[in-house]
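Could you slot chain B onto chain A? The hints should help.
2 protein chains.
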Amino acid sequence: MKLTILKHWLNEAMQHVSKAINGKNSLPILSGIKMDVTAQGVTLTASDIDTTIQATIPAATEDGAQIVTVDEPGSVVLPAKLLVEMIKKLPKEEVHIETEVGFAALLKSGKTKINMVGMDPEEFPAVPALTEERSFTIAGSDIRDMIRETVFAVSTQETSPILTGVLWQLEPSKLTLLATDRHRLAQTAAEVGDGDNALIKFVVSGKMLTELNKVIADDSGDVEITATQSQVLFKVGRTRLYCRILDGTYPDTSKIIPTAFKSELVVSTKAINAAIDRAFLLAREEKTNIVRLETGEDNAVTVSSNSSGLGSVSEQLEAESITGEPVRISFNSKYMLDVLKVIDSEQLRIGFTGPMSPIIIKPVDGKDSLYLILPYRTTN
Amino acid sequence: MKLTILKHWLNEAMQHVSKAINGKNSLPILSGIKMDVTAQGVTLTASDIDTTIQATIPAATEDGAQIVTVDEPGSVVLPAKLLVEMIKKLPKEEVHIETEVGFAALLKSGKTKINMVGMDPEEFPAVPALTEERSFTIAGSDIRDMIRETVFAVSTQETSPILTGVLWQLEPSKLTLLATDRHRLAQTAAEVGDGDNALIKFVVSGKMLTELNKVIADDSGDVEITATQSQVLFKVGRTRLYCRILDGTYPDTSKIIPTAFKSELVVSTKAINAAIDRAFLLAREEKTNIVRLETGEDNAVTVSSNSSGLGSVSEQLEAESITGEPVRISFNSKYMLDVLKVIDSEQLRIGFTGPMSPIIIKPVDGKDSLYLILPYRTTN
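In order, the protein sequence lines correspond to chains A and B.
Going by UniProt numbering, the residue at position 61 of the first sequence is 61; the numbering climbs one at a time, nothing skipped.
Going by UniProt numbering, the residue at position 227 of the second sequence is 227; the numbering climbs one at a time, nothing skipped.
What the hints contain is simulated information worked out from the structure, not anything from laboratory work.
Hints are supplied without guarantee of correctness; some may be wrong.
Since the list gives no way to pick one copy over another, a pair counts as held whenever it fits inside one copy or between any two copies.
[Claimed, not checked] Pairs of lysine to any residue residues, derived as SDA-like cross-links and limited to a Cα-Cα distance of at most 25 Å, are as follows:
1. K287 <-> Q157
2. K7 <-> A274
3. K113 <-> G309
4. K108 <-> S312
5. K235 <-> E286
6. K81 <-> A260
7. K89 <-> S312
8. K255 <-> L107
9. K113 <-> V327
10. K81 <-> K287
11. K201 <-> R134
12. K108 <-> E286
13. K88 <-> A104
14. K81 <-> G309
15. K341 <-> L90
16. K89 <-> L107
17. K334 <-> G41
18. K270 <-> G309
19. K341 <-> P91
20. K2 <-> R377
Just chain A, with the same shape it has in the complex:
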């Protein structure tokens, strides 16, 4: 293997694939990045078994400008951490790489020479084969929003592995993402394609979706999503993320989401966020993060919390409208702040069906999202 490649192309591809690497992995080969060089260009692959990321660098740009000059095709696995940091710091834009005996590689740039201990590319796990494919396409910016709007609600408890993932459901013309950790739930949906999609349903790790969101750039264009029985492939430009589908059955959450409310509140997202943010400063001193919300006369909403050691806070804000029965409810303010952070709508609607029933939060801008928080049982 022998080639010359432009640093910034190599650096960008390496930044993407290195996100698959899990520092805690015990297989030495997975601490490396595999480099495959052909006349068409360079392919980089990194993996932690569950997730594999692959990025290709073409030999030339669409305008015909040379990116890679291949003197000799070949493959090698090089230490990822060293490679990623070293490439960034090389003195010149041109980087020369060639393999020597025993998987060793020589990198040259300007007057810098690096000998790297490499590993056998044959030992690197193969990229998952995708059979019985079902695919759909969605704009990169849409998928990025949808992941952001749901992924915060996944469980961090390894005791319910299925809940550490986000459920994806594709119906003929609609894609829904849903996450829950049993205390709260986040769900968002968007129109997809021309309405003749096959039904697709899978659960993928929330952590991996957070990494996927880092790979999707503003100019990434469409993301192509291909699902099989055990794997999902996300194609973003020249980068491919292969992700293992989580085993198990995702719980049916449709029955716990109330559709009719005893009371409804429409408020400014910014105003209620600021009030709960201040109440949280006291609430967090108690482990439960409890904040109380109460409605009063003339669209008044009172948000309050207290901490035995520090004191108490009480806030009033004016709702746009309050309908139905008066509300007096307690909830985990951290969960509410997580929701308010991802709602872009200027106003939001909160629905209540009683002090022990789920609280439902929805943006009023017409976006098809829904957030659920279980209230907290308090004595007062």
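For chain B alone, coordinates are given in the frame of chain A:
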């Protein structure tokens, strides 16, 4: 105590004094900020015993614009962490504060009301009394540079408490700061005053100087420094930092600094920094961070390092000049990078007196600084 104060003045003063608070302190009163209100304005004080920071907020600006309206003078101690974060997030610029029974305080801003559990101001330790004062004045930007140029070299080992501090020495017209952890040394000096200063010598905690540097803003003007037997006071604008002088005798380092060299090297700071930075990526994998430097023909300098598991790196750069005997030396690259980070000079001079003698680094821009690194004994 009863007053109305503008949020951004209170916030700024609080950010400054809160830097004295040590979360690990076991005295509950020291988790608070003391607030003293008089007709002249508000004084805030925070302390961890060793360091006390005090900031004053005048009742009005120099132009006569009202900052504080005092309805009733008084004092109280309020929980620092809550106060600092809450003030920042208050909805309005006007903040009303009044004490109630039992040191409780009520804060109001817009429709936000906070009841805080306060503490007895009488229990708060008094600000150190300064007797037998000796003072000098130096520009804020100069003192900030001098601290930055030395503080990185203090020891982090609590077993030599005196070395966790920076030595300050004022001679008639010159101030010198010096820090060492026995493996390296940093020293910088500047002209001060009109040459009839009294001799002053003291050692203060490096950590506290790092905090002092955060208080000194670009427009802080002069810093007045007053020393007694046991305390130093730094006056920066309306903020005062009182700092305990470290007990013990600072070691005499004058004899270990060579003044004549067997070889001298003049190189570009940027070029040698980049080369050592890359060599460090491999060197850090071995605990000693060892990088080798070797001079050759035609002003060539070779920087190299290796890691048994990863490989090796070798770099060539061209020195501006090399005089004296050929050099072949090993050192801790982390220590060298720390030095290169604080040298603003475009070029630097490195002096060698043998493979086991201290390496001396100096900027060539005429600044009176000197850095020393002990070389590392290697077998090859």
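- Task: Report the numbers of all earlier hints that the structure fails to satisfy, in ascending order.
- Result: 5, 6, 8, 17, 18, 20
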